[in-house]
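> Let's have the full structure, built from the sequences with the hints guiding it.
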Amino acid sequence: MNPRIISEIVTILDENLPKYLYALDYTTEQYKTLLRILKIEDDESLFNDKKGSIRKALVKYFSKSYQEIDLQITFSSFALKKNFINPSKPEAYDRMLHQTNVLLLGALERKSDYSPLPYLVSIPENIREPICHNYLKFETNHDVARQIIRQQIDMIFNLDPRDIIFFLRGRITIRHYTTPKKLPDGVDKRFGGESAELMEAMYNSYFPEGAWSQIEPILGEVIAEKLNFGVIDNITFTRNFVPVFRSMIEILLLEIINTEDRKKIEGFTGYVLRQHFHRIFIYTAKNLLHFIEKRDKNAEAFIKYFSDEVVIDSNGNKIQKYAIIDSKQQKWNYSSIISVMMQYKQVKQKIVSQRESISVVEEELNQCELDLTTEKNNKYAIQDKLTDLQDTITENDAAILKVKNQKGATPEEALSLKSQVNRLNYHQTELFELKKKTTNQVDLAKNRIANKMSELTRRQRKLDYEKKSLQTYLEQMASVLESYEIIAEALATALTKR
565 MNPRIISEIV TILDENLPKY LYALDYTTEQ YKTLLRILKI EDDESLFNDK KGSIRKALVK
625 YFSKSYQEID LQITFSSFAL KKNFINPSKP EAYDRMLHQT NVLLLGALER KSDYSPLPYL
685 VSIPENIREP ICHNYLKFET NHDVARQIIR QQIDMIFNLD PRDIIFFLRG RITIRHYTTP
745 KKLPDGVDKR FGGESAELME AMYNSYFPEG AWSQIEPILG EVIAEKLNFG VIDNITFTRN
805 FVPVFRSMIE ILLLEIINTE DRKKIEGFTG YVLRQHFHRI FIYTAKNLLH FIEKRDKNAE
865 AFIKYFSDEV VIDSNGNKIQ KYAIIDSKQQ KWNYSSIISV MMQYKQVKQK IVSQRESISV
925 VEEELNQCEL DLTTEKNNKY AIQDKLTDLQ DTITENDAAI LKVKNQKGAT PEEALSLKSQ
985 VNRLNYHQTE LFELKKKTTN QVDLAKNRIA NKMSELTRRQ RKLDYEKKSL QTYLEQMASV
1045 LESYEIIAEA LATALTKR
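So in this note's numbering, the last one in the sequence shown is 1062, and the numbering has no gaps at all.
None of these hints come from the bench; they were simulated from the model. There could be a bad hint or two in this list.
Okay, derived cross-link-like pairs now, BS3-like style, lysine-lysine, Cα gap no bigger than 30 Å in a straight line [said to hold, decoys possible]:
#1 Lys1061 x Lys940
#2 Lys628 x Lys615
#3 Lys858 x Lys868
#4 Lys912 x Lys850
#5 Lys909 x Lys1031
#6 Lys885 x Lys943
#7 Lys850 x Lys868
#8 Lys1000 x Lys968
#9 Lys790 x Lys912
#10 Lys966 x Lys949
#11 Lys850 x Lys940
#12 Lys850 x Lys827
#13 Lys940 x Lys999
#14 Lys1001 x Lys966
#15 Lys603 x Lys614
#16 Lys596 x Lys628
#17 Lys882 x Lys790
#18 Lys885 x Lys1061
#19 Lys982 x Lys1000
#20 Lys861 x Lys909
#21 Lys909 x Lys1061
#22 Lys968 x Lys949
#23 Lys1001 x Lys949
#24 Lys628 x Lys614
#25 Lys675 x Lys624
#26 Lys646 x Lys675
#27 Lys999 x Lys943
#28 Lys653 x Lys620
#29 Lys971 x Lys982
Printed below as a string of structure tokens:
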């Protein structure tokens, strides 16, 4: 097989097939077109001469989009089998993985557009979103999806093991490993050769209220992604925490600083990291304590690693280990830490439960107040009805007297007046009966109001009791929280020692 011929056939495929064609979509018509372009569609002997090169070129063409195929070709047809990236999944899933690879290959082609710095690639949200959405369509676990995407990026961008991938602030960011800048003797090396005064001025300019409000929202995600205490060991953590946190700050700064200040990014990153190093590690320590609270086995092993001793690693190197020691020189081990964390968890759960109880009682109290208002309004409406009834009765009494005082000039008129009196008397009886019922309704409304008042008093007392219980738990938490903060400080210090 002639490499030149293979290369020429690959070029023909590139020019005549849809870009990054999915292998199983390659058709007989496209295959015949290739033979026609090679001018061997009518000559089987010429085909046989180039058969091996054609097959090799097709395999090579699809491998450029990370597709592995098994291929057999004849003068009139071909048989292509695609090796799925994940053999346990169906073709639809493999197509999705290929589509993701295509999006990443497109990003690779435009790498220069997405590189604010030579060693950093920031894949924008309009590419990240469809990539992540592809996995959601197959109900892939969030963490599993990210792990697969990392593997795809690693493969397509040919990453070094020391390169870092971040899913951060809506983007996928690749931070290529770089060796520390070599600086001449006598230069302040803390900030990449930049003066502390310049770095301070830049910091005050870009972050007049401090950078913590920008750092804290992304810190949890960074720790979960790159320093996850559910999986990481102490050696890996110690090796990685500085580059991880530096890269996090760097990515943050690149979204904020002016283009002309990017040449100072290394020094400015170091300065911002130093300003918030302690707070970052307090946050990190509390993240670790959260795993301890959940009794995570990996986090347990992580904590148990800390001790004041020198050990020999598998390569025969001496490693100084450090104990967890607080500001009063008290040592903390896993047993003492888990004891505090269990108290912390129990009291925290009580506080959460108590606040939920208070919320329920408050809702009941509010409903009782609404019911009381409704009952009072109902009583007022009934009393108004009773007042109207009394006015009607008075008017009816007057009408009866008026008719009784009239004399009929004829027997017919006398009979008519008598009939009117009877009708008015009957209506008066009805009115008195209605008044009696309405008066009873007023009494019932008063009773309901009295009951609601009693209920309201009971519910208010219950609310007072629940709030008092909450205060007791909060006081208990204050004591536990003091120990929790002491542990977090001690652990933060231990985490930073290398």
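> The structure should be examined with respect to each hint, and the outcome stated for every one.
Verification of the supplied hints:
1. Between the alpha carbons of lysine 1061 and lysine 940 the distance comes to roughly 70 Å, so the proposed pair goes past 30 Å and is violated.
2. Between lysine 628 and lysine 615 the alpha-carbon distance is near 20 Å, which keeps this suggested pair within the 30 Å criterion.
3. For the proposed pair lysine 858 and lysine 868, the alpha carbon gap of about 16 Å is at most 30 Å, so the pair holds.
4. Between lysine 912 and lysine 850 the alpha-carbon distance is near 15 Å, which keeps this suggested pair within the 30 Å criterion.
5. Only pairs whose Cα atoms come within 30 Å are accepted, and lysine 909 paired with lysine 1031 is accepted, the gap being roughly 20 Å.
6. Restraint check for lysine 885 and lysine 943: not satisfied, since their Cα atoms lie roughly 78 Å apart, outside the 30 Å limit.
7. Distance hint between lysine 850 and lysine 868 is fulfilled; the C-alpha atoms sit about 16 Å from each other, no more than 30 Å.
8. A distance of roughly 26 Å separates the Cα atoms of lysine 1000 and lysine 968; the hinted pair therefore holds under the 30 Å criterion.
9. Under the criterion of a C-alpha separation no larger than 30 Å, the hint pairing lysine 790 with lysine 912 is consistent with the structure, at around 28 Å.
10. With a C-alpha separation of about 26 Å, the suggested pairing of lysine 966 with lysine 949 holds against the 30 Å cut-off.
11. Proximity of lysine 850 to lysine 940 is assessed by CA-CA distance (about 53 Å); at most 30 Å being required, the pair is judged violated.
12. Annotation: proposed proximity of lysine 850 to lysine 827 is violated, straight-line Cα distance about 35 Å (limit 30 Å).
13. Pair hint lysine 940 plus lysine 999 holds up; C-alpha atoms about 20 Å apart against a cutoff of 30 Å.
14. Simply put, lysine 1001 and lysine 966 have alpha-carbon atoms about 28 Å apart, close enough for the 30 Å limit, and the pair holds.
15. With a CA separation close to 11 Å, the supplied pair lysine 603 and lysine 614 stays within the 30 Å bound.
16. Between lysine 596 and lysine 628, the direct Cα distance comes to roughly 22 Å. Compliance with the 30 Å bound is thereby established for this hinted pair.
17. Restraint check for lysine 882 and lysine 790: the C-alpha separation of about 26 Å stays at or below 30 Å, so the hint holds.
18. Restraint check for lysine 885 and lysine 1061: satisfied, since their Cα atoms lie roughly 9 Å apart, inside the 30 Å limit.
19. Between lysine 982 and lysine 1000 the alpha-carbon distance is near 27 Å, which keeps this suggested pair within the 30 Å criterion.
20. As the CA atoms of lysine 861 and lysine 909 are separated by approximately 17 Å, the hinted pair is consistent with the 30 Å bound.
21. Under the criterion of a C-alpha separation no larger than 30 Å, the hint pairing lysine 909 with lysine 1061 is consistent with the structure, at around 28 Å.
22. Between lysine 968 and lysine 949 the alpha-carbon distance is near 29 Å, which keeps this suggested pair within the 30 Å criterion.
23. A threshold of 30 Å between alpha carbons decides the hint, and for lysine 1001 with lysine 949 the separation of about 11 Å falls inside it, so the pair holds.
24. Proposed proximity of lysine 628 and lysine 614 is supported: the alpha carbons are some 21 Å apart, at most 30 Å.
25. Using a Cα cut-off of 30 Å, the hinted pair lysine 675 and lysine 624 holds, with the two alpha carbons roughly 23 Å apart.
26. Our distance criterion of 30 Å between C-alpha atoms is met by lysine 646 and lysine 675, whose separation comes to about 29 Å.
27. Proximity of lysine 999 to lysine 943 is assessed by CA-CA distance (about 15 Å); at most 30 Å being required, the pair is judged to hold.
28. Between lysine 653 and lysine 620 the CA atoms are separated by roughly 27 Å; this keeps the pair inside 30 Å, and the hint holds.
29. Using a Cα cut-off of 30 Å, the hinted pair lysine 971 and lysine 982 holds, with the two alpha carbons roughly 10 Å apart.
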